[in-house]
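Those letters in the sequence shown? Residues 69 to 185, per this note's numbering, in order.
Because the hints were derived from the structure by calculation, they are not lab data. All residues carry an ideal CB built from backbone N, CA and C; glycine is no exception. Hints may contain errors.
To be verified - Label-pair restraints from in silico Cβ distances:
| # | residue 1 | residue 2 | range |
| --- | --- | --- | --- |
| 1 | 78 | 182 | 29 to 37 Å |
| 2 | 123 | 78 | 22 to 30 Å |
| 3 | 178 | 80 | 19 to 27 Å |
| 4 | 165 | 129 | 38 to 46 Å |
| 5 | 112 | 172 | 21 to 29 Å |
| 6 | 71 | 178 | 18 to 26 Å |
| 7 | 78 | 185 | 35 to 43 Å |
| 8 | 164 | 106 | 39 to 47 Å |
| 9 | 185 | 73 | 15 to 23 Å |
| 10 | 74 | 109 | 41 to 49 Å |
| 11 | 75 | 156 | 43 to 51 Å |
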Amino acid sequence: ACTSHELETFIAGLPKAELHLHIEGSFEPDLMFQVAQRNAIDIPFETIAELKAAYEFHNLQEFLDIYYEGMRALRTEQDFYDLTWAYLLKAHSEKVLHTEIMFDPQAHTERGVAFSS
Numbered sequence: 069a070c071t072s073h074e075l076e077t078f079i080a081g082l083p084k085a086e087l088h089l090h091i092e093g094s095f096e097p098d099l100m101f102q103v104a105q106r107n108a109i110d111i112p113f114e115t116i117a118e119l120k121a122a123y124e125f126h127n128l129q130e131f132l133d134i135y136y137e138g139m140r141a142l143r144t145e146q147d148f149y150d151l152t153w154a155y156l157l158k159a160h161s162e163k164v165l166h167t168e169i170m171f172d173p174q175a176h177t178e179r180g181v182a183f184s185s
């Protein structure tokens with residue numbers, strides 16, 4: 069038998085695949101806060117600490133509430149680039165060798181975000 073630390077270390081070293089990832093769902097609190105401020109989008113969190121605390125989900129609806137707040141903040145090509153790059157850096161650090169990223173342009177174009185963004 070191994071300790072939980074040994075098991076975590078073993079799993080961390082394994083190559084991984086991430087399937088059916090909606091890129092907006094990978095929005096980390098720090099970046100979401102930064103993008104919302106950059107785009108002058110009001111989100112219901114005054115500080116990054118408040119936003120991080122909201123990431124303690126207890127059910128699907130709580131996750132979706134944050135997911136849609138993050139989507140509202142995404143407006144420009146730079147926003148989508150920053151989101152994707154942050155995910156790719158994290159995936160690389162976690163030894164993700166294959167990822168299937170989903171993107172729902174209609175969720176953004178219906179908010180007035182150009183498809184070319």
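Hints, one by one, checked against the model:
1. 78 x 182: 29 to 37 Å: violated (45 Å)
2. 123 x 78: 22 to 30 Å: At roughly 26 Å between Cβ atoms, residue 78 and residue 123 fall inside 22 to 30 Å, so the hint holds.
3. 178 x 80: 19 to 27 Å: violated (39 Å)
4. 165 x 129: 38 to 46 Å: violated (32 Å)
5. 112 x 172: 21 to 29 Å: Holds - the Cβ-Cβ distance for residue 112 and residue 172, about 22 Å, lies within 21 to 29 Å.
6. 71 x 178: 18 to 26 Å: violated (50 Å)
7. 78 x 185: 35 to 43 Å: With a Cβ separation near 41 Å, residue 78 and residue 185 satisfy 35 to 43 Å, so the hint holds.
8. 164 x 106: 39 to 47 Å: violated (27 Å)
9. 185 x 73: 15 to 23 Å: For residue 73 against residue 185, whose Cβ atoms are near 43 Å apart, the range 15 to 23 Å is violated.
10. 74 x 109: 41 to 49 Å: holds (44 Å)
11. 75 x 156: 43 to 51 Å: violated (26 Å)
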